[in-house]
Structure formats: C-alpha cells, structure tokens
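Turn these sequences into a full structure, and let the hints guide you.
Heads up, the sequence shown is in my numbering, so the first residue is 54 and it goes up one at a time.
Below, simulated DSSO-like cross-link-like pairs (lysine-lysine); rule was C-alpha separation at most 30 Å, straight line:
hint : residue 1 : residue 2
1    : Lys-287   : Lys-475
2    : Lys-380   : Lys-475
3    : Lys-475   : Lys-591
4    : Lys-380   : Lys-287
Honestly, the hints are just simulated from the structure, not real lab data.
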Amino acid sequence: MQHPTAPLPRPVRWRALAVAVAAALIATACVAVDLSGDDGGNDDGVAVDADPGDCTLVDMAVSSEKIDLLTDLARTFNAASADGQDGFTTEAGCIFVRPATKASGLAASLLFEGWDEDIEGPRPVIWSPASSSWGALVNHELGERGEPPIVGDSRPFMISPLVIAVPEPMADALGYPETPIGWEDVLDLATDPDGWAAFGRPEFGPFKLGKTNPHFSTSGLSALIAQYHAATGKTSGLTVEDVRQPDVAAYAAGIESAVTHYGDTTLTFLNNLYRNDARGSALAYASAVAVEEVSVVNYNRGNPDGVLQPGEVPEEPRVPLVSIYPKEGTLFSDNPFIVLDADWVSDDQRAAAARFEDYVQQPGNQERVLEFGFRPGNPAVPIGAPITLDLGVDPDQPQTTLQTPDPAVLAAVLDQWDAQRKAARVMLTVDVSGSMGDPVSTAEGGRATKLDLAKQAAVTALDQFRDDDEVGLRIFTSGLGANGTGDWVDLVGVAPMGEVRDELRTALEGLVPLQGTPLYAAVADSYELLLDGYDDAKINAVVVLSDGQDDGYSEVGLEDALRRLERGAEGATSREVRVFPIGYGDDADMTTLRRIAEATDAAAYDATDARSIDRVFEAVVSNF
Numbered sequence: 054m055q056h057p058t059a060p061l062p063r064p065v066r067w068r069a070l071a072v073a074v075a076a077a078l079i080a081t082a083c084v085a086v087d088l089s090g091d092d093g094g095n096d097d098g099v100a101v102d103a104d105p106g107d108c109t110l111v112d113m114a115v116s117s118e119k120i121d122l123l124t125d126l127a128r129t130f131n132a133a134s135a136d137g138q139d140g141f142t143t144e145a146g147c148i149f150v151r152p153a154t155k156a157s158g159l160a161a162s163l164l165f166e167g168w169d170e171d172i173e174g175p176r177p178v179i180w181s182p183a184s185s186s187w188g189a190l191v192n193h194e195l196g197e198r199g200e201p202p203i204v205g206d207s208r209p210f211m212i213s214p215l216v217i218a219v220p221e222p223m224a225d226a227l228g229y230p231e232t233p234i235g236w237e238d239v240l241d242l243a244t245d246p247d248g249w250a251a252f253g254r255p256e257f258g259p260f261k262l263g264k265t266n267p268h269f270s271t272s273g274l275s276a277l278i279a280q281y282h283a284a285t286g287k288t289s290g291l292t293v294e295d296v297r298q299p300d301v302a303a304y305a306a307g308i309e310s311a312v313t314h315y316g317d318t319t320l321t322f323l324n325n326l327y328r329n330d331a332r333g334s335a336l337a338y339a340s341a342v343a344v345e346e347v348s349v350v351n352y353n354r355g356n357p358d359g360v361l362q363p364g365e366v367p368e369e370p371r372v373p374l375v376s377i378y379p380k381e382g383t384l385f386s387d388n389p390f391i392v393l394d395a396d397w398v399s400d401d402q403r404a405a406a407a408r409f410e411d412y413v414q415q416p417g418n419q420e421r422v423l424e425f426g427f428r429p430g431n432p433a434v435p436i437g438a439p440i441t442l443d444l445g446v447d448p449d450q451p452q453t454t455l456q457t458p459d460p461a462v463l464a465a466v467l468d469q470w471d472a473q474r475k476a477a478r479v480m481l482t483v484d485v486s487g488s489m490g491d492p493v494s495t496a497e498g499g500r501a502t503k504l505d506l507a508k509q510a511a512v513t514a515l516d517q518f519r520d521d522d523e524v525g526l527r528i529f530t531s532g533l534g535a536n537g538t539g540d541w542v543d544l545v546g547v548a549p550m551g552e553v554r555d556e557l558r559t560a561l562e563g564l565v566p567l568q569g570t571p572l573y574a575a576v577a578d579s580y581e582l583l584l585d586g587y588d589d590a591k592i593n594a595v596v597v598l599s600d601g602q603d604d605g606y607s608e609v610g611l612e613d614a615l616r617r618l619e620r621g622a623e624g625a626t627s628r629e630v631r632v633f634p635i636g637y638g639d640d641a642d643m644t645t646l647r648r649i650a651e652a653t654d655a656a657a658y659d660a661t662d663a664r665s666i667d668r669v670f671e672a673v674v675s676n677f
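As structure tokens, then:
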C-alpha cells in the first residue's frame, strides 16, 4: 500500500528536491500523514516526572498530536526503569525518556540545517514525526552535502486516514453515508452559485472549504493528490499528462475556488470551528475541512486540538463532525519511531531508545493508541473504540486506498497548485515603534535589532506571493503623517505583487524604529480597509506584526477595536477578512493578539523568541 509523500517545510525549495525525495519515498513505500495536527502545537519540553540523574537520557522530538500519549507512556516506562524491571533497562542501567513537541517539518529542517539547542531544546535521540517521509527528506538533504544518512528503518506507531470532515447537518443534507460522497461532490458545491441551496438548505449559505497549504501540510498535499485522482477516475498510475489535461486542471481549480483560506495547520480550522460552535455559528464558518480521522474523534470529544492543557475539561460540540471517506479513495498516515544514527547519539542511548520503542509496540500500549483516537500501528491489535460511528468515524472505512504518484507527477501536481491556488489580497501591517530597535541575538550568534530580523523575514516572505496576489505595506507608530498625529502610514498601497514587488522590498528594507505602539487603531483600520475593498475571488487578510502592547497613544481601545472587527464580520458574512497577528519578542501581548485573531476566525502566531521570526513569517504567509 503506497501513500503520498510529505512536502518540504520550506516551499521555495520544492522544485529542486521533489523528484529525488518522492523517489526515495516510493521506493520505501512510506506512508504520509496530515501535519495539520503536528504543526499546531508549541515546541515546549514536557516534564515526565523527575530525572534521577544517573540514567541514560533519551530525548524525543515528537509531533504534537501524540505528545500526551507518549508523555504518559514515558512516565510509566521511566518509573519501571528506575525500579530496575526487566526489559526497562540496559547494561548501562536505568533509562529516562523525555518527550518534547516539535513540528515535523521544522524538526526535519533543523536536522539537516543545524539544530540550535539554545533555541530549539535538546537534539533528539528518538524522532517521531507525523510521517516517515520526513526522514527520507532528511537523508536526501544530507546526501546532497555528501553526509551520511541519520534516519534508518522504522515501525509505524499509529495510523490515521485522511477524511473530509463535515458538520453533521451538512453531511445529512448530502445524504451521507447512504449516498457515497467524494471530491466530485465538493467540486459541484464549490462551483454551484446556489451553494447549499442546491441541496435544499439555503440557510447554510455558500460552500466553504478548509484546506492546508500542500507545501507545508501533508493533509493539504494528500487532499490535492486525491483531487487529481478523482478528476481522472484513477486510483493509481496518475501521469503528468493526466495532471495537465485542461479538464483535469479545471476540476482542481474549481475545488480551490471554495477555499476560505489555507494555512500550515488544520488546527486553525478546528479551533475556530469549535469556537463558532460554542456561539451557535459553526455552520457559518466552514462546510468541510480536510483532516485526519483522529481530528474528528478529538473534535467530537470536545478536544479540537487533541492536547488537553492542565485544568482543561473537554466539552462536546453542539454540532458534531462527520468523517466522509471520499468515494474515490483516500490516503493514510503513519507515526514512526526513528532512532537517529547521528553523531550526538551514543551507543547507550541507541540501546535505551530501542527498549522504549519495543515498549510502545506492546499490544497493551498499542491499545492505548486507540484511546487517543488513532488506529494501532501494530497490525496484531484490532481496531476498536473510539473508532466508532457515534464519534463520527467508521472503522470499516476507507474502502479504497490511493497510490502515490511517481515523482514527476507529484512535482506537476504542486506546480499546478501554485498556479491555481486561490489568490490573496493582503495588507502587511508592521509595528515600527521604538522598541523594535531593541538589540537581539541572531541565530548565527551575532547582534541585530528586532526590526532588522523582521525586515529580513518579511522580505523573504514576499517570494511566496504570486504576481497576481495583491499586497500592500502599512507601518504603524505614534506621530505619523503630515501633521504628526496619525497612527499609521501606507508605504505601499494594496496592488498586484507583480507591479509592487520591488517597491515593497525597498520599503521594507528602509524601515526604522520610531515612537509609540497604536496597535488597536492600526488593526481596526487595516481590517476595515480590506473589508471596504473586498474581492470575493481572493483570500482577504491582514498580517499584523507587533512586538509590544498598545501604549495608549491612540484613542482606540481594545474593546472598541474588537467591536469593529466583530461588527464587520457579522455585518458582512459574504466578505470574510481575517487578521493574522504575529507576536514578536518577549514583550508581545500574545493574549490580546489571540483575541484579535479569534474575532476574525484567524490564528495568532508566536515569535516571542525573535530569532524564530523567519519560520513564523513563512507559516503565516502559508495561509495565502
């Protein structure tokens, strides 16, 4: 059974590597995974009781969808090892396993680009990404530099198929499961001007699809590959000629037209859907989202991000999701345990890691995988609860598994998406207050200002925009404008990127830190600018970068700004403008920035470590 490869964490590099990476993945029949779950968590370490100090330490880098389970398993394992139980020690003595979350694509890039422990935490002995395909990528990148591979064979820890998650009333309107549903039906809904009215439910409004960026998330890539299979009627043997047929390209473009926005993670969609559900508006937010089956289980249990924080009590949604297993077929994920063959891993650590890997494969522990909504990686363990119909999933599905296309086809599919994805209309709104001149350390150990790093990241991110995307640049600080009383100035008006790319780059490079931080006024005014000029053929959004808190220089307060955002959203349901804030530096007001994002059903991004701004900016721009 073959499945699609995972994408590169940095989309601009795809074309140089797609063929070689995909070839390696197909040769090893790796299984792909939805990275939506694993790219949404933070990268903090997780304490697993107390390290006695004399044990062999095994650090793990783990994708976030399984951190709770692995933390619990590590805790039990560590206790048994400290007691000296058979099978839980090595010749060197006791073992202490310490899992920490690290997004799969980020971990992959760190493993071949250089892992800075001061920023990223300890280098792993065991790496458990969401997909084994990331390991093939790491080996390929190292090989390009003439370095030996560090990723060997691995076993699946748990698996989950990709599904189309649909709110139950909408699934009922489609006649599912009695009527098989697939990507063909998604296309019909996406291109029908009557939207849900065509199914007798005009109150549902237009069809809105949530899909992640296929360069960042395997759920997005898997959905994209599935669309091309559906367009051709094939389950295997997809060719470049198939992909380039005008009717097939039109099929894919039609589906993209319904996308509300993209993103690096489906957690944005799930969390926003859950928040809307709490206020009775879930059906207005999204009609369908391509996610892993486990995400539906977690959502319907009242835990949309799959990670319970201390004190968090799950609350089931008013409107549950239903997993639609596309009639044309779907793809699976795996979650491998990779003991790295790297120079920082000692023989004692390898032996210790092997003990823990054997432990998690035991039938009793594989049954625990089910508790977390996954299917066991060990085929000897049967599928059971919670993979049940009452939680919106079907243990007897999927009936058809799609085959991974060959490397040239995969590259062609991504090239097509780059040309056909829904266009964007974006205002970059950048804080140039005085604190942006504060010095910070660079990733290379040098010194720069916060604004220096932000400018560099923003200029790099411009390359991700297409020429027909519309982008503008607004800066905000106190005392701007001709009379020195303004809160913001537009350095570059919103215009096609093909016309203003050089102007944007020059304007960004020329930014200097100035005075106060009128955050609320800049956000509300930028939102209303995008709303007034709304283009329903594009993704309309504001990206706000701020390193601090609103300091009262403006007359606009937080509650006033939030009312303007919420009133605009409520009064223009067909005009959706989303605000994606980036909290930058130690003093960034992440609590407020999250409230701003939630008011527009977007997501806030955390770059409180200023050195992370490059990858954070890249993640934000993946929404477009």
